[in-house]
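K.L.:
Taking the hints into account, I'd like the entire structure generated from these sequences.
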Amino acid sequence: VTAAPPLAGIRVLEFSQAVAGPTCGRYLAEHGAEVIRVENARHPDNLRYSGSGWLPVDTPWEVVRDTRPSLSTFNAGKKSVGLDPSRPEGRDLVLRLAAVSDVVVLNLAAATAPSLGLGYEDLRQARADIIYCSLPAFGNRPSPYRDFKTWGPNLAALAGIDYLTGWPDRPPASIGNIAYVDFTGGFEAAEAILAAILRRDLTGEGIELDLAQYDAAVTCLGPVLMDFDANGHAQERTGNRVSSMAPHGIFPASGHDRWVAIAVEDDRQWRALCEVAAGEGFASDSRFLTARGRLEAVDELEASLSTWTQRFSGRETAHRLQAAGVPAYPALELADLAVDPQLESRGFHRLGAHARFGQDLFAAYPARLSRTPADVRSASPGLGQHNEYVLGRLLGLDEGERARLIRAGVVFEMPEAPPMKRPYTSWIRHFLRLEGWP
Amino acid sequence: VRLLEGIRVLDVTDELGIWTSRRLADLGAEVVRLEPVNGDPLRRRPPFLRSEPGPDRSLWWAYWNAGKKSVAGDATTLKRLAPSFDALCFSGPAARYDELGAGRLAAGSGRLVVSSVTPFGLDGPFRDWDGAELVAWAAGGAAPLVGDADRAPVIPHGELGLIVAGRYALMGLLAALRAARRDGEGQLVDVSLQEALAFLTSETGLHTFLDDLIPRTRMGSHRVSGGPFGHFPALDGHIHIGAAQPAHWDALARWIHEETGEEAVLDESLRGNLSARFHTHDLVDFFTGELTRRHTRQDLFMEGQRRGVTLAPVNDIPAVLADPQLEARGFWDVLEVDGTPVRAPRGFRGRAPRLGEHTEEVMARC
Chain A
21 VTAAPPLAGI
31 RVLEFSQAVA
41 GPTCGRYLAE
51 HGAEVIRVEN
61 ARHPDNLRYS
71 GSGWLPVDTP
81 WEVVRDTRPS
91 LSTFNAGKKS
101 VGLDPSRPEG
111 RDLVLRLAAV
121 SDVVVLNLAA
131 ATAPSLGLGY
141 EDLRQARADI
151 IYCSLPAFGN
161 RPSPYRDFKT
171 WGPNLAALAG
181 IDYLTGWPDR
191 PPASIGNIAY
201 VDFTGGFEAA
211 EAILAAILRR
221 DLTGEGIELD
231 LAQYDAAVTC
241 LGPVLMDFDA
251 NGHAQERTGN
261 RVSSMAPHGI
271 FPASGHDRWV
281 AIAVEDDRQW
291 RALCEVAAGE
301 GFASDSRFLT
311 ARGRLEAVDE
321 LEASLSTWTQ
331 RFSGRETAHR
341 LQAAGVPAYP
351 ALELADLAVD
361 PQLESRGFHR
371 LGAHARFGQD
381 LFAAYPARLS
391 RTPADVRSAS
401 PGLGQHNEYV
411 LGRLLGLDEG
421 ERARLIRAGV
431 VFEMPEAPPM
441 KRPYTSWIRH
451 FLRLEGWP
Chain Y
1396 VRLLEGIRVL
1406 DVTDELGIWT
1416 SRRLADLGAE
1426 VVRLEPVNGD
1436 PLRRRPPFLR
1446 SEPGPDRSLW
1456 WAYWNAGKKS
1466 VAGDATTLKR
1476 LAPSFDALCF
1486 SGPAARYDEL
1496 GAGRLAAGSG
1506 RLVVSSVTPF
1516 GLDGPFRDWD
1526 GAELVAWAAG
1536 GAAPLVGDAD
1546 RAPVIPHGEL
1556 GLIVAGRYAL
1566 MGLLAALRAA
1576 RRDGEGQLVD
1586 VSLQEALAFL
1596 TSETGLHTFL
1606 DDLIPRTRMG
1616 SHRVSGGPFG
1626 HFPALDGHIH
1636 IGAAQPAHWD
1646 ALARWIHEET
1656 GEEAVLDESL
1666 RGNLSARFHT
1676 HDLVDFFTGE
1686 LTRRHTRQDL
1696 FMEGQRRGVT
1706 LAPVNDIPAV
1716 LADPQLEARG
1726 FWDVLEVDGT
1736 PVRAPRGFRG
1746 RAPRLGEHTE
1756 EVMARC
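So the sequence lines, in the order shown, correspond to chains A and Y. This note's numbering puts the first sequence at residues 21 to 458. This note's numbering puts the second sequence at residues 1396 to 1761.
Some hints could be false.
[What the hints assert, rightly or not] Residues from chain A that keep clear of chain Y, each with C-beta distances beyond 12 Å, as calculated:
1. P76
2. A119
3. P134
4. G139
5. R147
6. R291
7. A298
8. A303
9. G313
10. E316
11. T327
12. G412
13. L415
14. L417
15. E455
[Unchecked claim] Simulated coverage check for chain Y against chain A, where a stretch passes if three residues somewhere in it have a Cβ under 8 Å from a Cβ of chain A:
16. 1434-1444
17. 1449-1460
18. 1511-1520
19. 1589-1597
20. 1625-1634
21. 1729-1742
Derived by calculation from the structure, the hints in this document are not laboratory data. From the three backbone atoms N, C-alpha and C, an ideal C-beta is built for every residue, glycine too.
P.N.:
What follows is the structure, given as structure tokens:
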């Protein structure tokens, strides 16, 4: 008999956009909560505005909105109800849902929830012990930027993270393609909600959690900020170098735009690297035997190491160095992630049910629990896919009432469409060896 | 409110997963850090107060251990203490996990929850491979997405990857604590740094790439997916603009038109969300730069926000400390480091402990 998941019996209502709110809900779903996205087709999740690039241009938006690949990683394991909370009847349905829910999480603009009459006090009327977590960019309380328009990538710039990423001799490269600040917002919310659930179990009390994505991002830089406050030392971007060890970088491997990361933490690891690279000039250079020597001549060190690494594949260099106890790994390109032996062995790529594609790929939740493992089996829901369950089963609305709400534009249904196939479905199975391909 | 009042946590993390135990202390758990009798090696991590090393002068140590207690001891102490605690936080190489016997503690009959952050996780062919921040960005496929197109991939300064792994461990640990309370049984929470970073790539990552075969290569602050997105030059630095929603672009286009007289930006074909300008991003980037280079970051920030454009200055660290928003939110608190007050993000409950400061108090209870 497998144990019930940790959050069995917890229901979460999620009003969310893009990454921060959705990842929070995803993590809670992974631990067994029933997570329901309340989605307004008139103001949809950003990630639903556009879909797969290969869709015919005349594909109706009601289909397009369910196709974006990243939706599945951010929303696996959830249900979706299509509902406009700005309509009086829609708001009423939200309050009735809140009455049978435990947690509400919102990453909407600060003004949105109060203007809809869905602030903490409103929802507390519906459910006295509700855990209410809001996650706007700048918090709900009055503050200079509260009503500014922003999203994750802007916040990475504002928080100093972009400035600290890149080469010292160039303008900031920024954290670019990684939505780091969206993720820190999602973590902040999920951590606080989990702790609040633990407290509610004991006290029976709900709570309002007024979080801000910007604050959550700046918090990550604690020691860097303290260094300036205490010492007047403004830390700068350093490429991949660090002040305490060398070599510490990403070096060219054989092939076009292929790279291998090597981090030599101490002199013992340096000597181990030199044995692997026996015969190279740097391997017998006595200046490099100490960290201080390597740091003093770091330009020369990195240049000569590069002439060695570029003769081999990143995979080969990493295997040889790791066998000698030196931290190294090829810098994986996206396609490499599909065939990485370690990710494959731990089941990082998952397939789950998808209403449009039959099955869809998503990334596994990185926290692996031994006794109550995550067992999410569905990829992202389509917008409104679970109207019947949410409005019918949970709220007791009959079919006629649901049809009336759809006609009135309060409820958005997920229209049927011919089943579709991801373009890679026929060949990817040879790389990603997963059960259940459609 | 101390959400985790009454929960007791033993902390043997290293830098790989120290977020977990620090946040548990913030949330109100009693966190006891077990240090070697000659002091935690992390006490030697820079930066130091006034750049002078000393066991209580590492700002890094002070921040990540704020609000915890300290017991000096060894593996025997760990075995003795563990039964009196709800959770054990571990991070480091898998070999150290084995040495400490953390696996036996997790598999024991008690209700102890053990969280673990290791470079590659506790199983799989590379279980025993070594690595930390840099190697994880490479192994998770995140590094090649960051940096300039004509140079090597680059990772952000500040160990932001390690934080991510520690947060997955924390979420798993909190969930496992609830299950332990219910079932009287603990378990292991196993987090791989590689997977934590791989998860971060998911917006632009493998599954998106498979779907459209457009490589999301690094191109500085810009993205291949449309424009304008990224840093644009201002008189005194850079500003980040990302016209995500149709209304953001409409507002920006009107602004560009007013200031530069450029009619083309108002063209109907450019309207929509970011990807509507997938083929035209060079063009819209050019127009956007023509606007931004006329003003300072702060002027662009305030005027842009007035107009409903999503933008923000690219702040350096002194600018972050001076940001009026953080001040108004009461974001800063004072953390005492070796008797000196230092400004730090709020959330912690008291200073970091001195070596063995709570040994007597804690051992007396166990």
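K.L.:
Checked against the structure, which of the hints given earlier come out wrong?
P.N.:
Checked against the structure, no hint fails, so every one of them is satisfied.
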